[in-house]
Amino acid sequence: MSVNWFKYSSPVSFYPLAGKLLPWFLWPAILLTIGGLYWGFFETPDVLSDQKQYYRIIFIHVPAAWMSMWLYAVIAGWSVIGLVMNTRLSFMMATATAPTGAIFTVLALWTGSFWGKTSWGTWWDWDPRMTSELILLFIYIGYMALQAAIDDSRRADKASAILAVVGLFMVPLIYWSVNCPDPTQCAALHQRSSMKDIEPNILWSMLIMTFAFWSYSFYVIFKRVRIVILEREKHSEWVNELPEIKSHPGAV
Amino acid sequence: MDRIIAEYGFYIGWSYGMAAFLMLLEPVILNSQRKSLLQRLRRLARVNSADQ
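Respectively, the protein sequence lines represent chains A and E.
Position one of the first sequence corresponds to residue 1 (my numbering), numbered consecutively onward.
Position one of the second sequence corresponds to residue 253 (my numbering), numbered consecutively onward.
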């Protein structure tokens, strides 16, 4: 059986599909969060190298930081598709992704600050990774502000898409910002680490929480894109024919 | 768990608390936005229908 994916590039087809997919992302998000936190708090060692219990902030800090970068890459991807193929839904998806990406960036900075206070003795340091993550937050805010500032949604989409593509350089920059060849020569507090050096239970908890955040992101992005679609297509005939509008007692 | 809370409750609490707050707030705001948007669209549909 072949599926015509191009069918879903239209807001008319994607709106009901996104609605049907919501529980398929909500429940995994809830279950994976419960499982990931249980594993993270009860199946992991009490001490990680020289860090005590507070290292458990890792189970939200690292997945939030990963999601902040991943969602930005997703926005840039949708923006490129929108600019090249001029598809409305691509821009709508990018618009719907930005607030969630910004929230994960805030969360990465916030949790990093609390972790930093316990492990490095400071709430903030202009370390390359922290600074580049902060710049990513400013790019997210700039993207959303630019969209809000332009009344014509088509022009707003294109302008913010260009900003998203230009700002994409931040993602590899954040990733490579710890790639200091000689840690003793660098001022960076974050240091390069390898997946294989992480204790397996800690790594598994982190990965489960990442999948939980990933499911959560799909859930809220699909929820938001349905609002964006309704808002932008409100004068279309198909919106008036939707059961949630047509069959409502108040409607004629 | 008691020891975790006693020793590092402040840091872990504020980190996990903020995560829970933001991640629960986002769907609540979206639900509220959708509700008010649907009300607006129903009114619009009523006006359009009356005009016809």
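You may find that some hints are simply not true.
Claimed, not checked - Lysine-lysine pairs mimicking DSS-like chemistry, simulated, CA-CA at most 27 angstroms apart:
no. : chain 1 : residue 1 : chain 2 : residue 2
1   : A       : Lys234    : A       : Lys246
2   : A       : Lys246    : A       : Lys20
3   : E       : Lys287    : A       : Lys234
4   : A       : Lys246    : E       : Lys287
5   : A       : Lys7      : A       : Lys158
6   : A       : Lys20     : A       : Lys234
7   : A       : Lys117    : E       : Lys287
8   : A       : Lys7      : A       : Lys234
9   : A       : Lys246    : A       : Lys7
To be verified - Quick list of the computed label-pair ranges, beta carbon to beta carbon:
no. : chain 1 : residue 1 : chain 2 : residue 2 : range
10  : E       : Arg286    : A       : Ile162    : 23 to 31 angstroms
11  : E       : Leu274    : A       : Phe6      : 29 to 37 angstroms
12  : E       : Phe273    : A       : Ser9      : 13 to 21 angstroms
As the list claims (entries may be wrong) - These stretches of chain A come out as covered by chain E in the derived footprint (C-beta under 8 angstroms, 3 or more residues):
no. : stretch
13  : 78-92
14  : 202-210
15  : 221-230
Don't read these hints as lab results, they were simulated from the structure.
These figures come from a predicted structure and were not determined experimentally.
Just so you know, even glycine gets a beta-carbon here, dropped at the ideal spot from N, CA and C.
Comparing the hints with the structure gives:
With a CA separation close to 13 angstroms, the supplied pair A:Lys234 and A:Lys246 stays within the 27 angstroms bound. For the hint linking A:Lys246 to A:Lys20, the alpha-carbon distance of about 19 angstroms falls within 27 angstroms, and the restraint holds. Pair hint E:Lys287 plus A:Lys234 holds up; C-alpha atoms about 14 angstroms apart against a cutoff of 27 angstroms. The suggested pairing of A:Lys246 with E:Lys287 holds, with an alpha-carbon distance near 15 angstroms, which does not exceed 27 angstroms.
A C-alpha spacing of about 23 angstroms is found between A:Lys7 and A:Lys158, which places the hinted pair at or below 27 angstroms, so the restraint holds. In summary, the hint linking A:Lys20 to A:Lys234 is supported, as the alpha carbons are separated by about 21 angstroms, within the 27 angstroms threshold. Only pairs whose Cα atoms come within 27 angstroms are accepted, and A:Lys117 paired with E:Lys287 is rejected, the gap being roughly 41 angstroms. With a CA separation close to 20 angstroms, the supplied pair A:Lys7 and A:Lys234 stays within the 27 angstroms bound.
Annotation: proposed proximity of A:Lys246 to A:Lys7 holds, straight-line Cα distance about 24 angstroms (limit 27 angstroms). Taking the beta carbon of each, E:Arg286 and A:Ile162 are about 29 angstroms apart, inside 23 to 31 angstroms as hinted. The hinted window of 29 to 37 angstroms between E:Leu274 and A:Phe6 holds, with their beta carbons roughly 35 angstroms apart. Between E:Phe273 and A:Ser9 the C-beta distance comes to about 35 angstroms, which lies outside the given range of 13 to 21 angstroms.
Chain E is given as covering the stretch 78-92 of chain A, and this is violated because 0 residues of the stretch bring a CB closer than 8 angstroms to a CB of that chain, at least three being needed. Counting residues of the stretch 202-210 of chain A whose beta carbon lies closer than 8 angstroms to any beta carbon of chain E gives 0, which falls short of the minimum of three for the stated coverage. With 5 residues having a beta carbon nearer than 8 angstroms to a beta carbon of chain E, the stretch 221-230 of chain A meets the requirement of three or more and the stated coverage holds.
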